[in-house]
Amino acid sequence: MTNDFTWHKVSEEEKEEIKKKAKKIMDDFSSKLEGLNLEKEGSIIRGNGIREDEKNFDKISREIMFSNAKQKNADFIIAEKKRW
Amino acid sequence: MVTLNHLKECLEKIKKENKEINAIIELRNEKDLIKEAEEIDKKIKEKKAGLLAGKIICIKANICIEGMHTSCASKVLENYISPYDATVIKKIKKEDGLIIGYCNQDEFACGGSGETSAFGPTKNPVNKTLIPGGSSSGSAAAVAAGFCDIALGSDTGGSIRNPASFCGIVGIKPTYGSVSRYGLIDLSMSLDQIGPLAKNVSDAALMLSIINGKDSLDSISEESKKINLEKINQTPKKLKVGILDFEIKDKRISELIENKTKEISKKNNWEIEKIKIENLDLAVETYYPLVYVEIFSGTRKFDGRKYGEEIENSAGPEVLRRILGGSEITKSEYGGRYYNKALKAKELIKEEFKEVFKKFDCIICPAVPRLPWKIGEKISVEEGYAADVLTIPANLAEICAGVVPVGKIEEIPVGIQIMCNKFEEEKLLSICKSFE
Chain P
1 MTNDFTWHKV SEEEKEEIKK KAKKIMDDFS SKLEGLNLEK EGSIIRGNGI
51 REDEKNFDKI SREIMFSNAK QKNADFIIAE KKRW
Chain X
1001 MVTLNHLKEC LEKIKKENKE INAIIELRNE KDLIKEAEEI DKKIKEKKAG
1051 LLAGKIICIK ANICIEGMHT SCASKVLENY ISPYDATVIK KIKKEDGLII
1101 GYCNQDEFAC GGSGETSAFG PTKNPVNKTL IPGGSSSGSA AAVAAGFCDI
1151 ALGSDTGGSI RNPASFCGIV GIKPTYGSVS RYGLIDLSMS LDQIGPLAKN
1201 VSDAALMLSI INGKDSLDSI SEESKKINLE KINQTPKKLK VGILDFEIKD
1251 KRISELIENK TKEISKKNNW EIEKIKIENL DLAVETYYPL VYVEIFSGTR
1301 KFDGRKYGEE IENSAGPEVL RRILGGSEIT KSEYGGRYYN KALKAKELIK
1351 EEFKEVFKKF DCIICPAVPR LPWKIGEKIS VEEGYAADVL TIPANLAEIC
1401 AGVVPVGKIE EIPVGIQIMC NKFEEEKLLS ICKSFE
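Taken in order, these protein sequences are the chains called P and X.
In case it helps, the numbering used here puts the first sequence at residues 1 to 84.
In case it helps, the numbering used here puts the second sequence at residues 1001 to 1436.
Errors might be hidden in some of the hints.
[Said to hold, decoys possible] Just some of the chain X residues that point at chain P, by a computed CB distance under 10 Å:
1. 1073
2. 1079
3. 1200
4. 1202
Hints in this document: simulated from the structure, not taken from any laboratory.
Virtual Cβ for every residue (Gly too), placed ideally from N, Cα, C.
Turn these sequences into a full structure, and let the hints guide you.
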């Protein structure tokens, strides 16, 4: 038994259907928020927004960064032509 | 031998039952585990062991553990091996917790049923025809099945509390920013939080007391009050409890929660009052546009070059729904309308909670407005999303919330949800303990 949530390989046609349905859900949800009094600004600033990770920077080595890349050389991740 | 014997018990159960339940998707090498258990036991004997010594722990597959497949239960990251430990993992290891493996989950934490995993659905150990809830499906099922003592999950809109309720265990979503998400593969960074699932409140509290705290590697992380585990055992006095006035279809669930609240409140002399939160019925409509946009943005890194496969070609239908939907509503022609409106609605709901907590110590309601459905049962996307209506508000309000099992309907566990103000985890845990 499957439903809309069960994992399966999705075809290109199904992707189009999913996209349409997702947009419709978003439109419905958004229209329900219309009635709210949304005068306030939505953005939030937390602290100074600067990540204090300089001291840990050394640990994020090239080796770690590239460890899961499919195609690489010593300095670069190699990407396929024309799709980048 | 405490740890070693306990490890053997858990491994035995996993070997016997995991094939059917499908809660664990990667188990560490048994020889390594035995060696580690022996080392922990040696430390216990020498009285040098950490606070988690003797505890067997499983981790949701979206939290990085060095050398393991942090797959997010997706084909996209099936072969991804994490090159580092998440901050929470480092903390667990430091306290001698024995991590044995990765749990199944909804793919990239997208789902509330455990059915969206690319590695097959997880079954509810209480009734194997039913969903365990999600997205921390495997974490909840592993604890409920006795495969481990404590599991870590992540909660963006209820992903710890929903499966805790369906599987009859305890689940805690900490205050936003109180537990580091460094090393968590995100679903929605403005809402995600890592938290514990356990058989009892004491174990959940112990784990939370270890993993919380400020971390410079998570830019939204904040310093939180230290959790005093002894205080959690003291029943709070003079509590003002708000019972959420919110209509749900299954009256058996609301009655069970209300009766239990009245019973415990009477026993402890707590004051109770029904409360209404004005825009709560718009929580789902506020939450999903935020999630759609943030997962679309957050998954742009999954292009198949740096790691894994290209997400648009390898993910299942629910992840694609959110990514493709997010892609649609962030088009420049809409000028950020959907996301901005949802952000503002989030602030409105957050303000409403702030006002409630000026008068009340906690808010109580069911965790989920319905019982778990059968695996594969036809339910619409909107119905699936609506199951999160009572858990989403705590994420939007950035507060802490916990779920404790309080009864059964048709032999299926039902969890009570307790919400407390930001950084009031100690109070939350002591109230949870009173309901245990």
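field: Proposed interface contact between residue 1073 of chain X and chain P, which counts if any beta carbon pair is under 10 Å
entry: Result: holds, 8 Å to nearest chain P Cβ.
task: Identify whether the interface hint at residue 1079 of chain X stands, where standing means a beta carbon of chain P within less than 10 Å of its own.
output: Holds, because the Cβ-Cβ distance from residue 1079 of chain X to chain P comes to roughly 8 Å (cut-off 10 Å).
task: Would you check whether residue 1200 of chain X satisfies its interface hint, that is, whether its CB is within less than 10 Å of any CB in chain P?
output: The hint is violated - residue 1200 of chain X has no Cβ within 10 Å of chain P, the shortest such distance being about 31 Å.
Interface hint compliance - residue 1202 of chain X to chain P, C-beta minimum distance less than 10 Å: Interface hint status for residue 1202 of chain X: violated (32 Å vs cutoff 10 Å).
The structure is inconsistent with the numbered hints 3 and 4, although it conforms to all the rest.
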